[in-house]
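Visitor: Sequence:
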Amino acid sequence: MFITGYAVMAGAAERLVLGYDSFGNICGKKNTPVKGAPLSGQDMTNKKYVFFLNSCNLEMQSLKISSLSLCVSSCPQEQLNSLEDLQSFARNNGSCLCVYNLNISSYTVSPKAAELCPTLPVPPSKSFPLFNRCVPQNPECYSKYASVLISMVNEMDVFHRILSGILAGRNTVIGLSVLALAFSFVVVLAFRFIRTLLVHTLIALVVFGLLFVSGVLWWLYYDYRKDPSTELETEKENVKFLLGYAIFSTIVTVVLLSLILVLRRRLQFTVQLFRIVGKMIGRIPFLLFQPLWTFLFLTVFWVFWVAVLLSLGTAGAAQTTSGGQVEYRALSGICYMAWYHFVGLIWTSEFILACQQMTIAGAVVTCYFNRNKNSPPPGPVLSSISILFCYHLGTAVKGSFLITILRIPRIVLLYLYNILKQKESTCAKCLFKCCICWFWCQENCLRYFNQHAYTTTAINGTNFCTSAKDAVSILAKNSAKLASITRFGDFILFLGKVFVVCFTVFGGLMAFNYHRELQAWVVPLLLVGFFAYLISHSFLSVFEVTADAMFLCFAIDMETNDGSAEKPYFMDQELLTFVSQSNKLTEGQNQRSMRPFQGNEDGMELQPMT
Numbered sequence: 001m002f003i004t005g006y007a008v009m010a011g012a013a014e015r016l017v018l019g020y021d022s023f024g025n026i027c028g029k030k031n032t033p034v035k036g037a038p039l040s041g042q043d044m045t046n047k048k049y050v051f052f053l054n055s056c057n058l059e060m061q062s063l064k065i066s067s068l069s070l071c072v073s074s075c076p077q078e079q080l081n082s083l084e085d086l087q088s089f090a091r092n093n094g095s096c097l098c099v100y101n102l103n104i105s106s107y108t109v110s111p112k113a114a115e116l117c118p119t120l121p122v123p124p125s126k127s128f129p130l131f132n133r134c135v136p137q138n139p140e141c142y143s144k145y146a147s148v149l150i151s152m153v154n155e156m157d158v159f160h161r162i163l164s165g166i167l168a169g170r171n172t173v174i175g176l177s178v179l180a181l182a183f184s185f186v187v188v189l190a191f192r193f194i195r196t197l198l199v200h201t202l203i204a205l206v207v208f209g210l211l212f213v214s215g216v217l218w219w220l221y222y223d224y225r226k227d228p229s230t231e232l233e234t235e236k237e238n239v240k241f242l243l244g245y246a247i248f249s250t251i252v253t254v255v256l257l258s259l260i261l262v263l264r265r266r267l268q269f270t271v272q273l274f275r276i277v278g279k280m281i282g283r284i285p286f287l288l289f290q291p292l293w294t295f296l297f298l299t300v301f302w303v304f305w306v307a308v309l310l311s312l313g314t315a316g317a318a319q320t321t322s323g324g325q326v327e328y329r330a331l332s333g334i335c336y337m338a339w340y341h342f343v344g345l346i347w348t349s350e351f352i353l354a355c356q357q358m359t360i361a362g363a364v365v366t367c368y369f370n371r372n373k374n375s376p377p378p379g380p381v382l383s384s385i386s387i388l389f390c391y392h393l394g395t396a397v398k399g400s401f402l403i404t405i406l407r408i409p410r411i412v413l414l415y416l417y418n419i420l421k422q423k424e425s426t427c428a429k430c431l432f433k434c435c436i437c438w439f440w441c442q443e444n445c446l447r448y449f450n451q452h453a454y455t456t457t458a459i460n461g462t463n464f465c466t467s468a469k470d471a472v473s474i475l476a477k478n479s480a481k482l483a484s485i486t487r488f489g490d491f492i493l494f495l496g497k498v499f500v501v502c503f504t505v506f507g508g509l510m511a512f513n514y515h516r517e518l519q520a521w522v523v524p525l526l527l528v529g530f531f532a533y534l535i536s537h538s539f540l541s542v543f544e545v546t547a548d549a550m551f552l553c554f555a556i557d558m559e560t561n562d563g564s565a566e567k568p569y570f571m572d573q574e575l576l577t578f579v580s581q582s583n584k585l586t587e588g589q590n591q592r593s594m595r596p597f598q599g600n601e602d603g604m605e606l607q608p609m610t
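Each residue of the sequence shown is one higher than the one before, counting from 1 in the numbering used here.
Since the hints were made in silico from the structure, they are not lab data.
Be aware that a few hints might be false.
[As the list claims (entries may be wrong)] DEER-style ranges, computed between Cβ atoms:
| hint | residue 1 | residue 2 | range |
| --- | --- | --- | --- |
| 1 | Ala338 | Leu382 | 36 to 42 Å |
| 2 | Arg371 | Val303 | 44 to 50 Å |
| 3 | Ser110 | Asn54 | 14 to 20 Å |
| 4 | Phe193 | Ile411 | 23 to 29 Å |
| 5 | Gly461 | Leu296 | 25 to 31 Å |
| 6 | Arg192 | Arg371 | 23 to 29 Å |
| 7 | Val255 | Asn93 | 22 to 28 Å |
| 8 | Leu393 | Asp490 | 22 to 28 Å |
| 9 | Ala114 | Ile411 | 53 to 59 Å |
| 10 | Asn81 | Tyr415 | 51 to 57 Å |
Every residue gets a Cβ at the ideal spot worked out from N, C-alpha and C, and that includes glycine.
The whole structure should be built from the sequences, with the hints applied where relevant.
Guide: What follows is the structure, given as C-alpha cells:
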C-alpha cells in the first residue's frame with residue numbers, strides 16, 4: 001500500500017518556515033554537521049530567528065537572499081551604531097549578531113570584525129511572526145526588506161506556498177481536528193438517544209451553520225478584495241480560493257435547504273428508524289467506541305502523510321560553497337511526487353474507513369443472525385476485527401481502491417476546470433462540470449454498493465468480487481424498498497456531518513483570518529474541512545453502516561425464511577412492523593401485506609457468521 005515505499009528525503013521540512021542560516025543550520029533546532037561546512041551542526045534550539053547581516057541592502061538571486069544570515073536568540077530592539085554596541089547587546093541579551101566563530105570579546109579588536117559582523121548601523125528590528133525573520137523597523141530599510149521578501153514569496157511555486165501555509169498553521173490544523181472530534185462525539189451521542197425535538201434542533205443548527213459560514217466567506221472575500229495592501233501571490237490566491245469556497249458553500253446551502261423542505265414531513269419516521277438502529281447498537285458492546293480507533297489510525301496516518309509532504313517540498317541536497325557556506329538545491333521533478341503522495345492519502349484513508357465499515361458490518365451480522373436476542377454473542381466487535389485481519393483485508397483494499405480510481409479523475413478534472421475558468425471556453429467548462437458531476441455520482445453509488453458488498457462478505461465469508469455480485473443481486477430485487485427505508489435516515493446523518501464541518505470550518509476561518517501575512521491559509525482550511533468530514537464520517541458511519549447492514553440482513557432473511565415454525569425469521573416483530581409501515585408510507589397504499597419482500601422458493605436457512 002501507499003503507507004510504505006516513501007523515500008527518505010534529504011533536508012528537513014522545518015527549513016520551509018523556520019528558516020536556516022548561511023551555514024546549513026536550521027534555526028530553533030539541533031542540527032547535524034554538513035561535510036565541508038565547519039560552522040554547521042550547531043545546537044540552535046534557543047536561536048529561533050533569522051538575522052541578515054545586511055538587512056538594509058538585501059538582494060535576491062534565484063530565490064536566495066545574497067546577505068549572510070545567522071540564527072539569533074533575539075532581534076535588536078534598538079539601533080546599534082558601533083561594534084561596542086554589538087558586544088554589549090550580545091553580553092546583555094545572549095544574542096550574538098556576528099558570525100559564530102568570532103568570540104564576543106573579539107568584536108572590538110578583531111581585524112575581521114567588519115566582515116563577520118553586520119553592517120553598521122544595525123537598525124532596530126522585530127521578529128516576523130510567520131517566517132521567524134528579524135524585520136528592520138527603520139522605514140527605508142523596511143521598504144527594501146519587504147520588497148525583497150515579497151518578491152521571494154511570489155517567485156515560489158504554488159506547491160511550496162501551500163506547504164508554507166500548512167507549516168505555519170500546523171498547530172491550528174491540529175487544534176481544529178480535535179474540535180471536529182469533539183463535535184463528532186457530541187453528535188454521535190445525540191443520535192444514540194435521538195428524539196423528535198433533537199432532530200428539529202439539529203436541522204436548525206445545520207441551517208444556521210450553512211447560512212452563517214456562507215455569509216462569513218462572502219464577507220471575507222469582499223474584505224480581501226478591497227484591501228489595497230494585497231501584494232503577495234499568497235494573498236491573491238486567498239482571494240481566489242475564498243470566492244470559490246463562497247460559491248460552493250452557497251450552492252450547498254441552497255440544495256440542502258430545498259431537500260430539508262421537501263423531506264420535513266418524515267421526521268417522525270426518522271426518529272423511529274434511529275430508535276431501531278440504536279436498539280441494535282445497544283446489543284453490541286463498545287460499537288460506539290469503534291470510531292475512536294479509526295480516528296487514532298487516521299490521525300497517525302495523516303501526521304505521517306503531512307510529514308512526508310513537507311519533506312517532499314523541502315527535499316534537496318546540501319552543497320557546500322566557498323567560505324564554508326551551505327546551499328540546499330532542490331531535487332528535479334520532486335513536485336511530481338506530490339501527486340503520487342496525494343493518491344496515497346485518498347487510498348489509505350478510504351482503506352482505514354473500509355476496515356471500520358467491515359468491522360461494524362460483521363458485528364451487526366453476528367448479532368442479527370442470533371436466535372436468542374436477549375443473549376447476544378460474546379465480543380462481536382473483537383470477533384469481527386479478528387476475522388477482518390485474518391481473511392478479508394483484501395476485500396477492504398479492493399473496495400477502497402475502486403473508490404480511489406473514481407476520485408482521482410474527478411480531482412484532475414477539477415484542476416483542469418480551475419485552469420479553464422480563466423479562459424472564455426464556455427462549452428469546455430460545461431463539459432468539465434458534467435464530467436465532474438458524473439464521477440461524483442458514480443463514486444457515491446460505488447460507495448453504496450461497496451458497503452453492501454462488505455456486509456455480504458461478513459455473512460458468507462466470500463471474496464470481494466463474489467460478495468459484490470451477490471449484493472447487486474439482492475439490491476436489484478429490493479433496492480427501491482431498501483432505499484425508501486434508509487434514504488431519509490442517511491440524509492439526517494449527512495446533515496450531522498455538515499454540522500461538524502460547518503462549525504469546524506467556521507473556527508478555522510476565525511483562526512486563520514488573524515494570520516493573513518504570507519500564508520496561503522485557505523488551503524490549510526480546505527485540509528481542515530477534509531479532515532473534519534472524514535472524522536465526522538468515521539463516527540456517524542456507525543449508524544449508517546448499522547442501518548444498511550441490518551436492512552440487507554432483513555432482505556436476505558425474508559428471502560431465505562418464511563416465518564413458519566420450520567423456518568422462523570431472525571428479525572424481531574418491531575423491525576418487521578417498521579419495514580411494513582415504511583413501505584405503506586412510501587407507496588401510499590392503504591393495505592399491504594406484512595411480508596413486503598418476495599420469498600425465495602428454495603429457501604435455505606442462513607446461518608450466523610462464525
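Visitor: All hints are to be evaluated individually against the structure, with a verdict given for each.
Guide: Hints, verified against the model:
For the hinted restraint 36 to 42 Å between Ala338 and Leu382, the CB-CB distance of approximately 39 Å keeps it satisfied. At about 45 Å, the beta-carbon gap between Arg371 and Val303 stays in the expected band of 44 to 50 Å. Against the hinted window of 14 to 20 Å, the Cβ-Cβ separation of Ser110 and Asn54 comes to about 19 Å, which satisfies the hint. The hint said 23 to 29 Å for the Cβ distance between Phe193 and Ile411, and at roughly 39 Å that hint is violated.
In this structure the supplied range 25 to 31 Å holds for Gly461 paired with Leu296, their Cβ-Cβ distance being about 28 Å. Between Arg192 and Arg371 the C-beta distance comes to about 26 Å, which sits within the given range of 23 to 29 Å. For Val255 and Asn93, the Cβ-Cβ distance of about 59 Å falls outside the hinted range of 22 to 28 Å, so the restraint is violated. Between Leu393 and Asp490 the beta carbons are some 27 Å apart, a value that agrees with the proposed interval 22 to 28 Å.
Between Ala114 and Ile411 the beta carbon distance is about 56 Å. The supplied range of 53 to 59 Å therefore holds. Roughly 54 Å separates the CB atoms of Asn81 and Tyr415, a value that falls within the hinted 51 to 57 Å.
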